[in-house]
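Protein chains: 2
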Amino acid sequence: MVKNFLNLTQEECQREYDKLIFDYENFKSKNLKLDMSRGKPETRQLDLSLKMLDEVNSRSDFKTLGGIDLRNYGICDGLPEMKKFISSVTGVDEKYFIVGGNSSLSMMFDAISFFMIHGSREQKPWCKQEKIKFLCPAPGYDRHFSICEYFGIEMITVKMNKDGPDMDFVEDITKNDSSVKGIWCVPKYSNPQGIVYSDEVVKRFANLKPKAKDFKIFWDNAYFMHDLSSETETLTDILEECKKNRNEEMPIVFYSTSKITFPGAGVAFLACRGENLENLRKMYSIKTVGFDKINQIRHLKFLKNKSNLYNHMQKHREILKPKFELVLKLLESEFKDNPILKWNSPKGGYFISVDTCSGCAKETVRLCSEAGVILTKAGSTFPYGKDPYDTNIRLAPTYPNIKDLGLAVKLFCLCTKLAFLKKKLGLCN
Amino acid sequence: MVKNFLNLTQEECQREYDKLIFDYENFKSKNLKLDMSRGKPETRQLDLSLKMLDEVNSRSDFKTLGGIDLRNYGICDGLPEMKKFISSVTGVDEKYFIVGGNSSLSMMFDAISFFMIHGSREQKPWCKQEKIKFLCPAPGYDRHFSICEYFGIEMITVKMNKDGPDMDFVEDITKNDSSVKGIWCVPKYSNPQGIVYSDEVVKRFANLKPKAKDFKIFWDNAYFMHDLSSETETLTDILEECKKNRNEEMPIVFYSTSKITFPGAGVAFLACRGENLENLRKMYSIKTVGFDKINQIRHLKFLKNKSNLYNHMQKHREILKPKFELVLKLLESEFKDNPILKWNSPKGGYFISVDTCSGCAKETVRLCSEAGVILTKAGSTFPYGKDPYDTNIRLAPTYPNIKDLGLAVKLFCLCTKLAFLKKKLGLCN
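Line by line, the protein sequences are chains Z and S.
Heads up, the first sequence is in my numbering, so the first residue is 1 and it goes up one at a time.
Heads up, the second sequence is in my numbering, so the first residue is 1 and it goes up one at a time.
Isolated chain Z, as found in the complex:
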């Protein structure tokens, strides 16, 4: 029978602790070595795209529709065929795309770098302005925050609601503070909470009236194809909505096949309109003589078309779904009647976000690590790595096999309880 730890006396806490610490030592003796820290696909998922490597070989035809040899320099902003493909999948007109290299993160970095050096909409370059601030819905993606830190951009945490960032706050601060130049969004199956921005939230984004003329929305649609059920959640088209509201210079949208084919060798995409598109296209024409077009055609031949891509994602889902179900089942059985942990049940994406009681996340992660299970560093889902209440932990269930995952999550549940009890007993440093 599950006890509700919130109701325990100090004495009961001690008794519970003594019992659990015994289980914990037991775990330690297993010498586990598991990594649940990053949103990495597992081997069977990588195997799903193996055949892609055979699509281009020494007997392939390397002429594009335009008669250009794919193996040579040129076509800096991507193969037209690849733009057609991503357009058919995303619904965004092909003319707004730049097809990049293997990393959408790099394209985000490049875009910010552009604004640092050149600015936009006749405003001073960001590096020449006194202070640049970005809004960071949190919990969020640590690599977005690292890019801000790199560029010396001050981060302001924005609360996440069930349907997206707290738009009252976003509207208010962008309207009043001209140093707020951007916001990071993972609008579909957000990292780590799996939240899908509602139609209303997207429309409020598109309708922002920022004081900064050069305000940008970084719309990292990393999980646009990563449903965990057979029904996809719909996400309103930010580019289209912004255009309607004469805000076409705000959004820059990013996609990637990293978690569709190979994380190290996928293809990244960027879509935007107007001046942004012109500027970023020009920037890439200076920065490179072209991205890897052979890898683009390899992807195109393998992924083929929208319906084939959906079939491919279904295979990913078949591998991932049981893992998410297992984690949720274990959390449910351990914490349903012991509300010292809260969690979300995502319909897509790569993570399960959990919240411990205040001040328990770091210790939970530490205890797990000491017993051989690496979790994402506590705090890393917040700007500067500082979770104000030390509660959020990002669980990444995709990489370990299901047996290891079960063990790891059992250990995690145990450590969550231990951390809570230690805090209550005053045993923490």
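The hints are simulated quantities; they were obtained by calculation from the structure and are not laboratory data.
Every value quoted in this text rests on a predicted model; they were computed, and no experiment measured them.
Heads up, some of the hints might be wrong.
No distinction is drawn between identical chains; accordingly, a pair holds when it is met within one copy or between any pair of copies.
Capping the alpha-carbon separation at 20 Å, the derived lysine to aspartate or glutamate pairs in EDC-like fashion look like this [stated by the list, open to error]: (1) 63 x 42; (2) 213 x 275; (3) 84 x 154; (4) 63 x 47; (5) 282 x 149; (6) 315 x 370; (7) 410 x 325; (8) 51 x 61.
Once you have looked at the hints, place chain S on chain Z.
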């Protein structure tokens, strides 16, 4: 019999012109459509690396020596095996390398971008300093100059001597002007002149005493393997020499396989030491979760080792050498006794650099273009696209087949003469 145009009377000029313009119209009627503008490998060269595409396929082993799956995220600064390979070829210790994506130009851009945002050696970021200047040995590579223009870096032209840039000038200006922060070098088979920097020049570089503590040498060793004869020219190791002179923070060296395997799908490398290495490695760990390791291993399996790489380059040479010989033979036969054109005879690289008489380069290129042969834009070998005497033209003989090349060069010779005569006759606009 070849006439020396320098000795012609006005009347003789007119007669010569009337004769040549007839030949020119004849050329025009051929409706040529040839491109000699960029240093692109031709199809047979691309075919040399076709087998590389078979090296990695669905039956490959994707574990690295370290047990990591190449298809997944990680190993941000490149496969250790790839570092070993490039080290064995270049003689630079593997520990100084970052293995990148498909574009060394991007890595140069990224490095400058880093110094713009962060600076180095405790100096202010370049974007916060009043003015940044770069030395640009010219004729040089237009894409280097474009990067400077992009970042708002003022360019100062440096004369090229037979053994490298004019080091008296370089020493003098770097010693006295603290806003001079960098220099672009293509030290082996320079673009476009094919000059190899002498040991003395490299040592003088290494021994610079720049007033700017944050002075950097961008050492773009693009043609390190691109000999046109079976004997390679030796180039002194700039990293080693700089280290000896306590200048290890100056040089950043770039290599690429773009013209070894595929221009669009090669592998780029960067080598540097000390703070530079630490900073750029950190920058990439923020900018990307890793470059394309599958393409790295594809290269490694195909290029194998130093001696195999030499064999491979020999095959390139067999295709390229006759083209260079043809161009040189035609230039020789047309201008040996008519010194209105001067040219170099490179021992490697991708170009033949020619100098027309003062004020004739643009018109020569224009005339060629009107008759269907595209040359590199006149002026583009100089900063801001401005050749002070309008003399230099970069011929890129690699891309056309040998028959087309012969035609194109004959037209070029004709246009050179026409442009000279037009100028002498006052027929230019």
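At most 20 Å between CA atoms: does that hold for residue 51 and residue 61 within a copy, between copies, both, or neither?
both (17 Å within a copy, 14 Å between copies)
At most 20 Å between CA atoms: does that hold for residue 213 and residue 275 within a copy, between copies, both, or neither?
within (13 Å within a copy, 37 Å between copies)
Taking 20 Å as the upper bound on the Cα-Cα distance, should residue 315 and residue 370 be classified as within, between, both, or neither?
Neither way: residue 315 and residue 370 sit 35 Å apart in one copy and 56 Å across, limit 20 Å.
For residue 63 and residue 42, with the copy left unspecified, which applies at a CA distance of at most 20 Å: within, between, both, or neither?
between (34 Å within a copy, 14 Å between copies)
Within a copy, between copies, both or neither: which one fits residue 410 and residue 325 at a CA-CA cutoff of 20 Å?
Answer is within; shortest intra-copy Cα gap is 14 Å, inter-copy 73 Å.
Treating 20 Å as the Cα threshold, decide for residue 63 and residue 47: within, between, both or neither.
Classified as between; 13 Å across copies, 28 Å inside a copy.
Checking residue 282 and residue 149: alpha-carbon separation at most 20 Å within a copy, between copies, both or neither?
Between copies only: 12 Å across chains, 26 Å inside a chain, cut-off 20 Å.
Is it within, between, both or neither when you check residue 84 against residue 154 at 20 Å Cα-Cα?
neither (37 Å within a copy, 40 Å between copies)
Against the hints set out earlier in the document, violations occur for numbers 3 and 6.
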